[in-house]
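**Student:** Same order as they appear, the protein sequences are chains A and B.
Read in UniProt numbering, the first sequence has 285 at position 285, and its numbers run on one by one without any break.
Read in UniProt numbering, the second sequence has 53 at position 53, and its numbers run on one by one without any break.
A few of these clues could be false.
What the hints assert, rightly or not - In silico negatives: residues of chain B with every beta carbon more than 12 Å from chain A:
id, residue
1, Lys8
2, Val149
3, Arg150
4, Ser258
What the hints assert, rightly or not - Which stretches of chain A does chain B cover? Using the computed rule of at least three CB atoms under 8 Å from a CB of chain B, they are:
id, region
5, 194 to 204
6, 213 to 222
Claimed, not checked - Computed list of lysine to aspartate or glutamate pairs in DMTMM-like fashion (alpha-carbon distance at most 20 Å, straight line):
id, chain 1, residue 1, chain 2, residue 2
7, B, Lys178, B, Glu30
8, B, Lys178, B, Asp151
9, B, Lys335, B, Asp273
10, B, Lys7, B, Glu53
11, A, Lys178, B, Glu53
12, A, Lys178, B, Glu159
13, B, Lys361, B, Glu53
14, B, Lys266, B, Glu358
15, A, Lys178, B, Asp54
Rather than coming from a laboratory, the hints here were simulated on the basis of the structure.
Here a beta-carbon is modelled for each residue, glycine too, at the ideal position from N, C-alpha and C.
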Amino acid sequence: MDENASARLTRRALTVAHRVGLFLAMLLICLPGIWIVLSSLRPTVEIMAKPPVWVPQQLSFDAYIAMFSGIGKGGIPVLDYFRNSLIISVTSTVIAVAIGMAGGYAFARYRFRGKSGMFLGLMLTRTVPGIAMSLPLFFVYARLGIIDTHFGMILAYVALNIPFTIWLIDGFFRQVPKDLAEAAQIDGCTRWQAFWQVEFPLARPGIASAAIFAFLTCWNEFALASQLTRSVNSKTLPVGLLDYTAEFTIDWRGMCALAVVMIIPALTLTYIVQKHLVGGLTSGAVKG
Amino acid sequence: MATVSLKKLTKRYGNIGIVHGIDLDIADREFIALVGPSGCGKSTTLRMIAGLEDISGGNIDIGGRVVNDLPPRSRNISMVFQSYALYPHMTVRENLGFSLKIAGAAKDDMDRRVAEASAILGLDELLDRRPSQLSGGQRQRVAMGRAIVRDPDVFLFDEPLSNLDAKLRTQMRTEIKKLHAKVKSTVIYVTHDQVEAMTLADRIVIMRAGHIEQVGTPDEVFSRPATRFVAGFIGSPPMNLHEATVSDGRLMFSGGDSLPLPAQFKSKTSAGDKVVFGIRPDDFYPAGHGLSSGGETEVHRVELPVSITEPLGNETLVFAEFNGTDWVSRMLNPKPLKAGDRIGMSFDLSRAHLFSAETGKSLRD
């Protein structure tokens, strides 16, 4: 066999191996999700079976029907939880992204005293585990009377997200050449117009990713929410999962159904926003 | 169309002075080049005129109006950046029309002016592309188009050609010159390339370390450099500059060689003066291979060994050893030479320069 033929064969074999490897990796990543969806559709006996039943014997939407059928009939106030989750997540994301944009822009563009110290300080707050903060936070909130309110949750989540949004958005503004804002000012823009017309559109992928991350953090957060919420006034979906645990039993199927209900909006939102995540938008601005 | 006048213009960052009180008057429709080595304050000066940099002292006057504290948009200037600074999320058309859009121009007026600029610069086929789909030279043209669409009083160019390759640079240089002939605006052009400055500008401002060394026409700065720095900066290959001491009507070099003191400097120096002798490669040439200027009244001939040659086709740069170092000379109608050959070299002393070793100032006047 000549050299070229064998090289071609090797390349083909590598492509196949590559695809098989990717498939296995994706399977591994998707398995928990698939398992949750499957578990929400089958009886507890099958969920708990050992060895596991891979191919479901019977599927039903009972858990979903029960979930929405009201208290007393195996249901939970899922619409309230959903509303709480949505209000808290969206509001705190909007605030965190707005502050993150202002802060990120300032860190990227301006020189000021104590800049690196401040930046480090912001990052250090991320090193404190959320659960460690929950008890002190609980005391403070109890004193202020903002336990079990949307406001309290939004405040906590904004604080949780700001360091991250600032850090991420800072990086994206750094990639937007300074010359562009200056060119815009020469072209007749005010500082403010230059930001909105030129710098903001170019940093949009970064702002979109910061928004997704912030939203998902709030949407999925459990540790703090479980301490700071009590009733349908402010309980979020992750906390709502606990409704399926009784003193001696856990309704795994119901819990999985609620988990699916939680995952769908998050997945949808990510899908919608991801088209803004196209990178490389700044290419061609300056000599590159 | 406007004059620009800088009075005692100063820039400091904390205690570090960048521009030390420069004065400059630029006439309406004049093409001025600010030239100097990097860090000389030329770009900072331009940015101060643009309003992108606050001034620490002095006055900037554009068209008879003091603009010291006005934002860039109120100065009616436009600027071409070294990096082009095209808006990557807009098409060429949108890039060109951006300033008009911000100013709230009517749609048909905007289209007309974009079309005009695009016609001048030959951008018609590129109007719907984005900057990332353009080559370096095309981006450069779009950047210039964006500047002319505004019909500004003053054009500012910040090293606009330094990102282009040598061939394109020469081509764009010609285009800029044509453009100036067409639009007839005042132009302030910053470059570190003295060839660009010489070829484009009506007057050249040579800057060093935040000071203006000399302002003059290309011919003036070339043939009558005011300082040793200007003499060394303008001209390629650079002027031969060597320290000497005046003694007995001769220039004594440290290596032991000497030359007669050029006649025009006899009254301006006295014995013992420390000076810098300068002679351009064009005025120091292998005998019979120089420019016959006709005014060669004061030629001094020496036989010198050749240390190296650089043939350029129509001419050859000959490095001849004099006083222990290599002096560069320009040989017209070149003939083949080898290292080590001894040839008769002519110093046209009537065209030599003498600078004070202490102050660097020319002793000519």
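**Student:** Could you run down the list of hints and mark each one as holding or not?
**Tutor:** Cross-check of the supplied hints:
no.: 1; hint: Lys8; in the structure: holds, 25 Å
no.: 2; hint: Val149; in the structure: violated, 9 Å
no.: 3; hint: Arg150; in the structure: violated, 7 Å
no.: 4; hint: Ser258; in the structure: holds, 51 Å
no.: 5; hint: 194 to 204; in the structure: holds (count 4)
no.: 6; hint: 213 to 222; in the structure: violated (count 0)
no.: 7; hint: Lys178/B - Glu30/B; in the structure: holds, 14 Å
no.: 8; hint: Lys178/B - Asp151/B; in the structure: holds, 16 Å
no.: 9; hint: Lys335/B - Asp273/B; in the structure: violated, 39 Å
no.: 10; hint: Lys7/B - Glu53/B; in the structure: holds, 16 Å
no.: 11; hint: Lys178/A - Glu53/B; in the structure: holds, 13 Å
no.: 12; hint: Lys178/A - Glu159/B; in the structure: holds, 16 Å
no.: 13; hint: Lys361/B - Glu53/B; in the structure: violated, 32 Å
no.: 14; hint: Lys266/B - Glu358/B; in the structure: holds, 18 Å
no.: 15; hint: Lys178/A - Asp54/B; in the structure: holds, 16 Å
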